[in-house]
Structures are given as structure tokens and as C-alpha cells.
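Enquirer: Start from the sequences and build out the full structure, keeping to the hints where you can.
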Amino acid sequence: MKEEKTKKRRFLYYLVLAICVCLLTAATVLTVYFVTDDNANSLETEPPVTDILPPTGDDDKKPDNKPAGGEAESFCDPVVYNEASVYNVIYASRTTGFIYRHKGVDFAAEEGANVAAIADGTVLSISLNEKTGNVITVDHGKGLIGYYRFVEPASTLRKGAKITKGQNFATVAAAYGCERMDGTHLHLELELKGKQVDPASYLNIQYAEK
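According to numbering that gives the first Met the number 0, the sequence shown is numbered sequentially starting from 0.
Any given hint could be a false lead.
Computed beta-carbon distance windows for the label pairs [what the hints assert, rightly or not]:
no., residue 1, residue 2, range
1, Lys-161, Arg-93, 32 to 40 Å
2, Leu-156, Gly-176, 18 to 26 Å
3, Leu-123, Asn-87, 18 to 26 Å
Just so you know, the hints here were simulated from the structure itself, not pulled from any lab data.
Note that the Cβ used here is the ideal one computed from N, Cα and C, for glycine as well.
Expert: See below:
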């Protein structure tokens, strides 16, 4: 009787052991399958960078590359514009009445026009000010800093964002603040290693009198 019980226990033991081995084998096979399937669907490289702003009907009018000498082939116009003011001239503000040296370039453009990065860069800061104008500061590398003023930043734009040449990251704002009488425009200033420089050194600008 005892021998019969021992045989039954031994049979149950081997049966349970066999079931465990089968389950373990099945689990191993499924794990290998799903891991292999996930790897097949994964991207080997990061997805391409797209415009931060959604496409508009003006996409066929994106700023073109306009070499002007030196490394100008690495830059593009920041906005589709009608005319641009002359850099570094004495300017009498129609809004404030102040007379000062205007060390930026104003690109006359329609409200809502896309503003693009003139070159690859990193967003250093986004400043919102109703009087002096919203400013997006971008580090374009090699000591070149760009200040894009009187713009509306894209809602998804954040400090530290990486942007590429020609990538839209803001729009031209309605005329307001200290230059509200000058019409809608993008005010662009460039600094090279802490010193202001003429944007025409990098862009082929069609100037008009300020």
C-alpha cells in the first residue's frame, strides 16, 4: 500500500515538473519573439526635425538661401519680407519720439508670417514684453547670437530647444509696443562674440531707408 502511494507521489512530482518545464519553455519562446518584433519596428535614428509651427499656405514662400559672401551659404532669410531697414542708422521713432541709433534690421512682413531660424541653433531665452516687444534669443554657434524681436513664439517652443536653419519657430506679431507706429515687422539683431554686427554680413538683405 505504501509502495503504491509512493509511486503515485513520484508520478505527480514528475508530472508537475514536466508541466513547469513546458511553461518555462513557452515563456522563453514568447519573450524572444516579442523582443525581436520590437527591435524590428524600432528606429535606428531619431525622426527628422520638422517645423515647430504647423504648415501654412505660404510654405512655398519659405525664406531662400541667399549667399552674400563668407559663410553666408549656411544662412537663410528669417522671414518673407517686403523691404528691410538699413542697419546702424540714426532713427527718429514715430511712436516714442526718441532719436537713437538703430542697430537692428526691421523686416517689413505681414502679421502672422512665419519666422524661421537663419541658421541652426539653440533657444537661449524667450522674453515676453508688451512695451519693448517679445524677444527670442538664439545661439547660432561660433559666438553668433540672434535676437528675434516683435514675434509671437510658437506655443511649443521652450528654452533649450534645438532648431535648424529655415525651421519656423515664431510668427510676426501685430504692431505694438515701442515700435507700434512702424507697422508689422520682424526686428533682427545679431551679435558676434558680444559685439553687434550687420545682419547683411550673413544675409543678402534688400535694404530700404528706415
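Enquirer: Could you run down the list of hints and mark each one as holding or not?
Expert: So, going through the hints one by one against the coordinates:
no., hint, verdict
1, Lys-161 / Arg-93: 32 to 40 Å, "holds (38 Å)"
2, Leu-156 / Gly-176: 18 to 26 Å, "holds (20 Å)"
3, Leu-123 / Asn-87: 18 to 26 Å, "holds (23 Å)"
Of the numbered hints given earlier, the model fails none.
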